[in-house]
Amino acid sequence: MANLNHLDKHFETLDDFLGTHFIYTYDNGWEYEWYAKNDHTVDYRIHGGMVAGRWVTDQEAHIAMLIPGVYKVAWTEPTGTDVALDFVPNEHKLNGTIFFPKWVQEHPEITVTYQNEHIDLMHESREKYETYPKLVVPEFAHITYIGDAGQNNNQVIAKEPYAGMPDDIRNGKFYDDNYQMIK
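Quick note: the sequence shown uses full-length UniProt numbering, first residue 1, plus one each step.
The set of hints was computed from the structure by calculation and includes no laboratory data. Treat the hints with caution; some may be incorrect.
Quick list of in silico lysine to aspartate or glutamate cross-link-like pairs, EDC-like style, CA-CA up to 20 Å [unchecked claim]:
| hint | residue 1 | residue 2 |
| --- | --- | --- |
| 1 | K93 | D27 |
| 2 | K183 | D168 |
| 3 | K173 | E139 |
| 4 | K128 | E139 |
| 5 | K102 | D58 |
| 6 | K9 | D148 |
| 7 | K102 | E91 |
| 8 | K159 | E139 |
| 9 | K102 | E127 |
| 10 | K102 | D86 |
| 11 | K72 | E60 |
| 12 | K134 | E124 |
| 13 | K128 | D82 |
| 14 | K134 | D82 |
| 15 | K93 | D167 |
| 16 | K72 | D16 |
| 17 | K159 | D58 |
| 18 | K173 | E31 |
| 19 | K134 | E109 |
| 20 | K128 | E117 |
| 21 | K128 | E109 |
| 22 | K102 | D82 |
| 23 | K72 | D15 |
| 24 | K159 | D177 |
For each label pair, taking beta carbons as the anchor points, the in silico distance ranges come out as [what the hints assert, rightly or not]:
| hint | residue 1 | residue 2 | range |
| --- | --- | --- | --- |
| 25 | K72 | K134 | 18 to 24 Å |
| 26 | D15 | I119 | 27 to 33 Å |
| 27 | I119 | D148 | 27 to 33 Å |
| 28 | A158 | L14 | 40 to 46 Å |
| 29 | L14 | H107 | 32 to 38 Å |
Just so it is clear, CB atoms sit at the ideal spot from N, CA and C, and this is done for glycine as well.
With the hints as constraints, model all of the structure from the sequences given.
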């Protein structure tokens with residue numbers, strides 16, 4: 001088994017952050033997996049919460065270092081959901097605010113899929129159902145996994161989420177020493 005959990009990694013520069021794979025749990029219990037694929041793209045899987053089972057690759061995002069070791073990431077999804085994350089990985093902390101459109105709150109099951117294969121459905125639902133008022137979910141999170149996946153590694157988020165996946169990743173049962181999925 002590969003021990004790829006580097007909770008002791010020290011972050012200073014933007015390059016330290018890019019290519020890093022995180023698992024974190026919000027204080028409300030929602031568990032997310034998130035990958036800084038490069039300086040403008042993120043991938044993620046959602047393991048807990050109202051849209052558990054959703055996964056996305058190649059989401060365009062704004063990624064910036066605020067000060068050494070502190071990073072801001074923000075994006076708007078095809079669903080109309082806005083996300084703003086502040087990573088403080090040296091402290092194993094994160095603050096996230098998710099702005100869910102009313103339609104996602106009322107019909108989360110529509111989004112629980114591999115979004116990339118259903119962009120038209122996301123756009124159609126965004127137009128068909130009400131957007132406001134948005135459900136604003138501001139939460140702190142604790143980072144439980146930090147992996148050095150390298151930039152543009154399409155193996156990091158390449159499979160739909162399943163029960164126990166975050167534990168498999170943390171326990172070295174999901175990726176090999178080269179950060180490729182174990183077959």
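Checklist entry - Would the pair K102 and D82 pass a check requiring their Cα atoms to be no farther apart than 20 Å? => result 12 Å, holds
Checklist entry - Are the Cα atoms of K72 and E60 separated by 20 Å or less? => result The hint holds at about 14 Å.
Item to check | 20 Å limit on alpha-carbon distance, applied to hinted pair K134 and E109 | outcome: 17 Å, holds
Next on the checklist: Checking one constraint from the list: CA of K128 to CA of D82, max 20 Å. Satisfied?
Outcome noted: Within the cut-off at roughly 18 Å; holds.
Next on the checklist: Check the hint pairing K128 with E109 against an upper bound of 20 Å on the C-alpha distance.
Outcome noted: Holds, at about 15 Å.
Next on the checklist: Would the hint linking K183 and D168 be met if the CA-CA limit is 20 Å?
Outcome noted: With Cα atoms ~13 Å apart, K183 and D168 stay inside 20 Å; holds.
Checklist entry - Is the gap between the beta carbons of D15 and I119 within 27 to 33 Å? => result 31 Å, holds
Next on the checklist: Next pair to validate is K128 with E117; report whether the Cα-Cα distance is within 20 Å.
Outcome noted: Judged against 20 Å, a Cα distance of about 19 Å means the pair holds.
Checklist entry - Going straight from one Cα to the other, do K159 and D58 come out at no more than 20 Å? => result Since the Cα atoms of K159 and D58 sit roughly 14 Å apart, the hinted pair holds (cutoff 20 Å).
Next on the checklist: Hint check: K128 vs E139, CA-CA at most 20 Å. Holds or violated?
Outcome noted: 29 Å, violated
Checklist entry - Quick one, are K93 and D27 close enough, alpha carbons at most 20 Å? => result 11 Å, holds
Next on the checklist: The hint says 40 to 46 Å between A158 and L14; measuring C-beta to C-beta, is that right?
Outcome noted: 24 Å, violated
Against the hints set out earlier in the document, violations occur for numbers 3, 4, 5, 7, 8, 10, 28.
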